[in-house]
Amino acid sequence: MTRPDRIDPARFAGVGGDPTRGETVYWASGCASCHAAEGDETRTVLAGGYRLATEFGTFVSPNISPDPVHGIGDWTLPQFADAMLNGTAPEGAHYYPAFPYGSYARMTDQDVADLWAFMGTLPASDVPSQPHDLTFPFNVRVAVGGWKLLNLDDDWVGPAGTEELERGRYLVEALGHCAECHTPRDATGGLERDRWMAGAPNPSGKGNIPGLTPAQLKWSAEDIAYYLETGFTPDFDSAGGSMASVVANLAKLPAEDRSAIAAYIKALPEAK
Amino acid sequence: MAFTRIILTSAVIAATAGLAFAGGHGGNPAVKARQSHMQLYAHNLGILGAMAKGEAEYNADAATAAANNLVAMTELNQMSYWPQGTSTAELGEETRALPAIWEEGGFAKAMEIGGALNQAAIELAAVAGDGQEAIGPALGAVGKQCGACHEAFQQPRN
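Line by line, the protein sequences give chains A and B.
Going letter by letter, the first sequence gives residues 1 to 272 in the working numbering.
Going letter by letter, the second sequence gives residues 273 to 430 in the working numbering.
Derived by calculation from the structure, the hints in this document are not laboratory data.
Using N, Cα and C, we set each Cβ at its ideal position, and we do this for glycine too.
Misleading hints may appear alongside valid ones.
Said to hold, decoys possible - FRET-style restraints, in silico, Cβ to Cβ:
no.	chain 1	residue 1	chain 2	residue 2	range
1	B	Q350	A	K266	32 to 40 angstroms
2	B	A361	A	D153	34 to 42 angstroms
3	B	L312	A	D126	42 to 50 angstroms
4	A	G146	B	A344	16 to 24 angstroms
5	B	I394	A	T76	33 to 41 angstroms
6	A	A10	B	P371	35 to 43 angstroms
7	A	K266	B	L312	25 to 33 angstroms
8	B	S308	A	D126	21 to 29 angstroms
9	A	T188	B	G403	34 to 42 angstroms
10	A	G146	B	E366	53 to 61 angstroms
If we strip away everything but chain A, and leave its shape as in the complex, we get:
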């Protein structure tokens, strides 16, 4: 864990971003779930304002639209990469891990650049970002450095023996940040890797996020892929809660990507 807080800007000097590829990264990464304006059916006006109520207080997602004043339009690509891969803001502050950079840390530089290029094509919003409403001691931002030291780990967890599994693993563990909700956390707030995707208390409400390990989820790979496309379970109930929003994003991916996610889920190791 010696990852520097700051990326050397030279690392991105030769990485050109492609907005078309970036759109796939955008939907796979679920940015819209927290940052799209309420009621925005296009899910592309990233005005923020989504309130994530947790036991630490309420996080309010910021404006990340291309507006240069209220959004992130005046950032550089290396600054964006610092945010995505290190959880570090342009002025050097730590982001709270409600922003799932612990997962995005696994992204390729190319995908970061493509995403940045795509986000630059989205509408600007001049809605100001709202402050988080956190309780002590969680309102002490500098403490997040300790969390990072303990828990920021971009090693892969699941298997990737085939090309499809490798793509699925990338979509789940890096972009989709599925483990942020589906994996239980230890006392320090870090993901428990030996109970990967084994289910966890809902971080923002009552009840539990279901476990997806083979012992817990009996659906076929086709059922999982179909659920991610339509929200329909095998018995044709329909996804609710935060997962409905996840489905709205994943429905925009190519079918092969949903199949790859399903293949990865079917290959998950059992919880220890």
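Dock chain B against chain A, hints included.
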């Protein structure tokens, strides 16, 4: 004529008694009504979904019938399904209907989603007879509205 009516009446009483019995511990009738409505959605969606996924052989008549049922169901008046005092706040585990439905703007939003669901079902019914590959996208559009309502108003299953 009178005889037929008696038989029908008896049948209705028997069916009603059966329902009451199936209800077991009483339970809120409005909750049972809306859950039954959702169950009927699931049944008809399942017929179409099995064809869309390729698990069942495509049958134009069966697909059209199921889609028409969905259209009809989206046009039923649900006023009596959603009385005050029947959210998770009052009934706990008996329902997954969140209080947000009864809060300011809740019904208006639900009605808007209901209207979009009706449109999506009509479009599904229009193409359900056109072949297996026509069902998938149209069914996906229906599912989008199911998800929109559940996301806003339904407590996720544990």
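Status of the hints after comparison with the structure:
no.	hint	result
1	B/Q350 x A/K266: 32 to 40 angstroms	38 angstroms, holds
2	B/A361 x A/D153: 34 to 42 angstroms	40 angstroms, holds
3	B/L312 x A/D126: 42 to 50 angstroms	46 angstroms, holds
4	A/G146 x B/A344: 16 to 24 angstroms	59 angstroms, violated
5	B/I394 x A/T76: 33 to 41 angstroms	49 angstroms, violated
6	A/A10 x B/P371: 35 to 43 angstroms	54 angstroms, violated
7	A/K266 x B/L312: 25 to 33 angstroms	31 angstroms, holds
8	B/S308 x A/D126: 21 to 29 angstroms	48 angstroms, violated
9	A/T188 x B/G403: 34 to 42 angstroms	55 angstroms, violated
10	A/G146 x B/E366: 53 to 61 angstroms	44 angstroms, violated
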